[in-house]
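So the protein sequences, as listed, match chains A and B.
Just remember that this note's numbering sits 1092 ahead of the position in the first sequence, which is counted from 1.
Just remember that this note's numbering sits 101 ahead of the position in the second sequence, which is counted from 1.
It is possible that some hints are incorrect.
[Said to hold, decoys possible] Some chain B residues close to chain A (C-beta under 8 Å, calculated; not the full set):
#1 129
#2 142
#3 144
#4 168
#5 171
#6 172
#7 173
#8 177
[To be verified] Per the computed footprint, the stretches of chain B lying under chain A, defined by three or more beta-carbons under 8 Å from a beta-carbon of chain A, are:
#9 120-127
#10 130-141
#11 194-201
Hint data in this document are derived by calculation from the structure and do not stem from the laboratory.
Virtual Cβ for every residue (Gly too), placed ideally from N, Cα, C.
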Amino acid sequence: MLFPTSGFLLFFLGVAAVMAALETRFTAKKAVLVVASYYFYAQWDWRFCFLLAFSTAVSYLAGRLIGISANRDRQRLVVAIAVALHLGLLGIFKYLDFFVLSANRLAHLLDLTHELPFFEVLLPVGISFFTFHGISYVTDVYRGDVAVCRNPLDMALYMSFFPQLVAGPIVRAAYFLPQLAQPSTEPIPLAPALLLILSGLFKKVVIANYLASGLVDPVFAAPTSYGAPDLLFAAYGYAIQIFCDFSAYSDIAIALAALLGFRFPANFNQPYRAERLREFWHRWHITLSTWLRDYLYKPLGGNRHGRLKTYRNLMITMLLGGLWHGAAWKFIAWGALHGGGLAVERLLEPWLGRHSQSRAARVIATLVVFHFVCFAWIFFRAEDFEIARLYLAGFGSGWGDGVQQAGPFVVALIALGMAGQYVPDALFERTALALGHMPAWGLGMTAGIAVAAINALGPEGVAPFIYFRF
Amino acid sequence: MVVTESEPTRGVNAAVSADAIPPRLRRHGGSPRQVLVLTLVGTLVLAVFAAPDLASWLDRMDGGPIIKPLQRAAAEWDDAVGRLGLTRPHEILRAATRRLLDLEWGDPS
């Protein structure tokens, strides 16, 4: 069940009706949200619900066991078992066939004839996200950053809450569980939520979908059929497409949670205006980058043990971050590029710091970071290394061929996506405050008309969000 | 992938607790009932102005004792709002987008 569909709208209408009927009964509301979340998840494959329930049970029991034990070693053992179970599930469902394929390729290189069989396990949607929720909860309980969750209903809702279940944002237990302890006394921010939904729908339905079908998909499918200008526009196009696709999902998830009375953290903040690669990761998929910082980079030692170990830790974190995105070497290469980039940037920091004061230097820095990110996206998007190689080789010639695929409309969408990186926050706030004076029915009419217009502007049918496969 | 600027040893949640909707925008708002009103009105408006999509969504579902009558009702509803000219804005926007998609560099328009 995708967000921008009639089916999801009717589902949410039903949830909103029950929430309104149960206005003061907080426990009943939470129970309804758990049932609704499992129903939402079952729309992909009902069997995945057992996996989600198992992951929830592991996290809940591990938290309780840590809570009742005063022995630090025993607590550590519980954390290790829980994390191993979570990672084991992720390994089986997401990476098993990748490891088999890699082992078989290695065997082939070594002239070994025996090949391991493939398991062809179906990848459960959103498994990477709820696994990270489970790991962060258990680790935070052990570290004392969050209280043990004694209510299984709260744990079930934390793990399954449908707005973030299949593609994030990754919401930490310490952030979300306190919201389940007692009902919020804040009013529901109707106008900001509505604006987030509308901007998210526009980014996904119009910008991301047209860039995918009109430029990126055909060029990446056969890069040798296009000249260098098309390849360049398709690389820019993919940068905008993946931003609009993923940030749209986050925006809508944040808004849906807000409409149900919950707060979510920000996940994107105009990433392509970053002047440093490090700043890019402060602005892109913020909940994942901070998760990796707190549960991987820092436990590895972070930047506390000298320069070389810092580079090593950066590289390990980024390689594993790349692998998190998918079971393929191209994602690992993408992670390696970013890890290497971050290490080089850190090495050059004293020089960069001296030469980045002027406006021109900052513009150049932004352009360099953006193009480096686009370069790395080529590996991320290409079907495999061979396609990526052909794509990059295409930049060596054909600059005079003109464009076949990048028409004025898709180029305008790229420009629009880039312009969106520089929209001041104040504009969103002023619009939200202005809309905030409208009654709920007026907001509903505005939403209905705007969604109908976005729907008419977009192509027929809705492509799945890119991050569903992660 | 990793945010490395500052490394507090504790308080890991400082960086992830920035609400996506800032507190100053949360001072005014509504209740769950107003959320229901907003969603209901929005759905009704969509049912009028995006009736063809409602019909095509139902058509994509398998038939059955519940779905079949709904599919018929959605098709009749689509016809009715079409006769009233309420789907014209949808058609005009879609046709305009198609023209934009077909534009090529150097076109006089």
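Results for each hint:
1. Residue-level restraint check for residue 129 of chain B holds (minimum Cβ-Cβ distance to chain A is 5 Å; threshold 8 Å).
2. Interface restraint check for residue 142 of chain B: the shortest CB-CB distance to chain A comes to about 3 Å, inside 8 Å, so the restraint holds.
3. Because the beta carbon of residue 144 of chain B sits about 6 Å from the nearest beta carbon in chain A, less than 8 Å, this interface hint is met.
4. Of the supplied interface hints, the one on residue 168 of chain B is violated, with its beta-carbon coming no nearer than about 12 Å to a beta-carbon of chain A, more than 8 Å.
5. Taken as an interface hint, residue 171 of chain B does not check out: its beta carbon lies about 11 Å from the nearest beta carbon of chain A, beyond 8 Å.
6. Checking residue 172 of chain B against chain A: minimum C-beta separation of about 13 Å lies over 8 Å; hint violated.
7. With 8 Å as the threshold, the beta carbon of residue 173 of chain B stays out of range of chain A, its nearest partner Cβ sitting at about 16 Å, so the hint is violated.
8. A distance limit of 8 Å between C-beta atoms decides the matter here; for residue 177 of chain B the minimum to chain A is near 17 Å, and the interface restraint is violated.
9. Residue count for the stretch 120-127 of chain B with a Cβ under 8 Å from a Cβ of chain A: 7. That meets the three needed, and the coverage hint holds.
10. Figure legend: the stretch 130-141 of chain B, annotated as covered by chain A; annotation consistent (12 residues with Cβ-Cβ distances under 8 Å, at least 3 required).
11. For the stretch 194-201 of chain B, the stated coverage by chain A is satisfied: 4 residues place a CB nearer than 8 Å to a CB of that chain, which reaches the threshold of 3.
Of the numbered hints stated above, those contradicted by the structure are hints 4, 5, 6, 7 and 8, listed in ascending order.
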